[in-house]
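Be aware that the first sequence starts at 48, since it is given in the numbering used here, and climbs by one per residue.
Everything labelled a hint here was simulated from the structure, so no lab data went into it. All the pointers check out, no bait thrown in.
Lysine-lysine pairs mimicking DSS-like chemistry, simulated, CA-CA at most 27 Å apart:
#1 K452 to K364
#2 K695 to K709
#3 K471 to K484
#4 K264 to K432
#5 K473 to K561
#6 K492 to K551
#7 K427 to K332
#8 K337 to K364
#9 K444 to K783
#10 K427 to K444
#11 K264 to K400
#12 K533 to K551
#13 K452 to K432
#14 K575 to K561
#15 K575 to K332
#16 K452 to K339
#17 K400 to K444
#18 K695 to K783
#19 K337 to K375
#20 K605 to K484
#21 K264 to K427
#22 K533 to K496
#23 K332 to K343
#24 K681 to K695
#25 K575 to K471
#26 K339 to K364
#27 K561 to K492
#28 K533 to K492
#29 K343 to K452
#30 K575 to K364
#31 K551 to K605
#32 K680 to K695
#33 K452 to K783
#34 K575 to K473
#35 K605 to K807
#36 K605 to K680
#37 K783 to K605
#38 K364 to K375
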Amino acid sequence: MKVNITETTDTCKKINWDDMLDSELLDTIPTNKELKGNNTILDKGLHNKNVIHENTGQKRKSKNTELKVKKVRSDSNEEIKQQVPTETCKQGNNKNNHFRKQKYTKAIKNWLSNLEPPTEDITDLDNIVNDSKSSVDIIQQNTHNSHKEKLVIEKTSKTNKKVVQAQLANKDGIMKFSKPQPNAEDTKNINEAVETKPKEKKVKKFVAPIKSQIPVKDITYELHTLDEDNLDDHREGLHEIINIEIIAVLIYSNGFCQLNSHHTDGTCTPDGIIVNSDDMFYCFKGAGQKIKEALKCLLENNTVICYGAQNILSYLKTHLQMDRINPKIYDAKIGASLLEPDNPPENFSDVQKLLSFSAQYTVATECTLQKAAWYMSLLKQCWAKLYAMLAEDNLWKVFVEIEMKLLPIIAGMECRGLCIDMSKLKSMEEVLLNRMKAVEQQCYKAAGKVFQINSAVQVRAILYDELQLDAKCNVRIRETLCKGAKSTSETMLRSLMNEHPLPKLIMEYRHLHKAHATFLAGIAQHIKDGVVRPTWVQTAAATGRIASNNPNLQAIPKAPFDCVMFPEAGDTDNSQLMFRSIYVSRPGFSLVAADFRHVECRVFAHAAADAGLLRALADHPDLFRALAQHWLKKPEAEIVPEERERTKRLVYASLYGAGTRKLMEILDVDYQQALQVAASFNSSAADLCKLAMILSEEQLRTSSPPVDAHLLLQIHDELVWEVNDLHVDRAAAIIKQAMEGCGQWCGMTVPLPVAISTGKDWGSMQTLEN
DNA sequence: CTAGCGTCA
DNA sequence: TATGTGACGCTAG
48 MKVNITETTD TCKKINWDDM LDSELLDTIP TNKELKGNNT ILDKGLHNKN
98 VIHENTGQKR KSKNTELKVK KVRSDSNEEI KQQVPTETCK QGNNKNNHFR
148 KQKYTKAIKN WLSNLEPPTE DITDLDNIVN DSKSSVDIIQ QNTHNSHKEK
198 LVIEKTSKTN KKVVQAQLAN KDGIMKFSKP QPNAEDTKNI NEAVETKPKE
248 KKVKKFVAPI KSQIPVKDIT YELHTLDEDN LDDHREGLHE IINIEIIAVL
298 IYSNGFCQLN SHHTDGTCTP DGIIVNSDDM FYCFKGAGQK IKEALKCLLE
348 NNTVICYGAQ NILSYLKTHL QMDRINPKIY DAKIGASLLE PDNPPENFSD
398 VQKLLSFSAQ YTVATECTLQ KAAWYMSLLK QCWAKLYAML AEDNLWKVFV
448 EIEMKLLPII AGMECRGLCI DMSKLKSMEE VLLNRMKAVE QQCYKAAGKV
498 FQINSAVQVR AILYDELQLD AKCNVRIRET LCKGAKSTSE TMLRSLMNEH
548 PLPKLIMEYR HLHKAHATFL AGIAQHIKDG VVRPTWVQTA AATGRIASNN
598 PNLQAIPKAP FDCVMFPEAG DTDNSQLMFR SIYVSRPGFS LVAADFRHVE
648 CRVFAHAAAD AGLLRALADH PDLFRALAQH WLKKPEAEIV PEERERTKRL
698 VYASLYGAGT RKLMEILDVD YQQALQVAAS FNSSAADLCK LAMILSEEQL
748 RTSSPPVDAH LLLQIHDELV WEVNDLHVDR AAAIIKQAME GCGQWCGMTV
798 PLPVAISTGK DWGSMQTLEN
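Given the sequences, and given the hints that come with them, work out the whole structure.
The following block contains the structure:
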């Protein structure tokens, strides 16, 4: 475990669970509406007539963090001026903007090269960056043409310069052209939602850094490209590679490898895999039978060091159909992000920086394979350093026992993907679009004319110029920052709601449109052959949780979606949509979901060793339901899931909020430290969930007779499996046992009950009593 | 209270 | 024309 739970036991002992659930909370359970209102009021910083008690501390805190954020920002701004472009994106907060920023800079470069004939310096600068961070000349050159404000090229004429700057600074174009989305886009059939393929880019050529301060060595690595025909010539050499550490790196179709992957984008497909042992480099290409066997042998008989193992595994699985390969892997990328979880390195050069490692020499070569070999030699040295650092920080065990074991599981999830019921998706889309059309017509009727509801400009014109609603309501409309135009944001619409039906309708339209864009069309664009394969990122979250994107299946609404926002008396159309029900199991399979019951609550209880909370957890099978029953003074049977959910929110909010403040008092530490302690509960729980994945997967694999089960989803504390219909009961028992056992595995004194439910689609799962 | 991602203005 | 930005929506605990 990343955090030693027992270590915190003494320090938090004094926290009293009863205090946290004191009478104050009883008085302040707000209705749903009030809760929402409070939130927005607090967020907007407007009148706080109904402020939640004791929020001064919270306010102070949020100010603190704000300040911190600002500080980080300004620091990184300083950095931007000094650093090379691949590093400009290393902002603590916006770590995920990296990719987009890269695309942006790329676009600018392309655009610039249209202005004037491209020189090799420009197109190849990024290559050099990695090799020669210390090279002053190159850094200067790079700073010129990469940062958007400094983007000036000497040769460019003044007029061009102005055009460039105006465009990049986005002086006046920002909202001017906000194109009203044609409705055709909405009604577009899902089948047609095919992702647009960017144009083929020209293959960049590697040019050795000339002004680099790193000495250039004239090395040629012994590199053999193996394919089906010449494999036999090297068989002897390959057979000798056993029980040692080898390095494996993917090479992409454009000639770059994983270690300089800032040149690759979605269009690059893996093209081969280079394996290095001692001084020999073998590049395996193609997917012939012999290649597969040799590669499999090589990987399984050795310890594999790599960078971005997930890509390698998915390459092996999809291109080479090696389904059940499970080599012993050490992934430097994950290791490095373990060292610095708050600010995980984005690419290999970040890793080098993190390890304060710099290359001793570089190679002059035009051959991309040689280049890759050079990078691999760097990786080898980095790994040695990384290993030492992980061991020093006591992270080695976590790395090997949890993260590396998780790797193949996640790769498996990504590979398998989740089946989509296309007909259901289409019918839901139809319902939603019909509803949208109805709202649209009502809008036109209310406005007295046809306009584009999605266009802020047109809405603004109608609301304020034609109907003069702001004057009627006597509300001052906040003005937007850029143009001083009147805002059409939701809060403003809400304040105009009672005066005219139109704002209400616009809000509803936006609501529907967003739901459609996110959960139907947004999902649809990721569907390939009826299967959606999200990317699972092991290193994204600072808390150690796993995140999903493209699409983010962890954020599909659980509650049914109401098509009608403001039910009216005469309105009979109260159809509800379950966005989760479009996810189905394959024929002959069922979905099995296993859910920890309030993990973090239990981790907290264990860490704080709080008798009251422990007792409460032991007494009630469902703590939140019991609490809701108590607070709302209702019989347990009448507690609807919505109320339970709200109670849960409240409990966690007070648990963390009150918990942190109390920690601060008791430990007599400042807010940051107390936050850290609280965050450690988070990561403990995250590790617990990871462990659950590993253990249950292990149990299922080793069970006899074998169980046909595949992990599909991980929603933090919920695991969703796809299990052969014949094995459901057995699999459920194994999963339950494994998951409940993992509490003991890491010394938890609290039992960890697990709820299992099964069903054919994700929307309608029935609890499985067992 | 914390952490993610995606959409929109 | 396409991008960056912060607010807010959803999720999870």
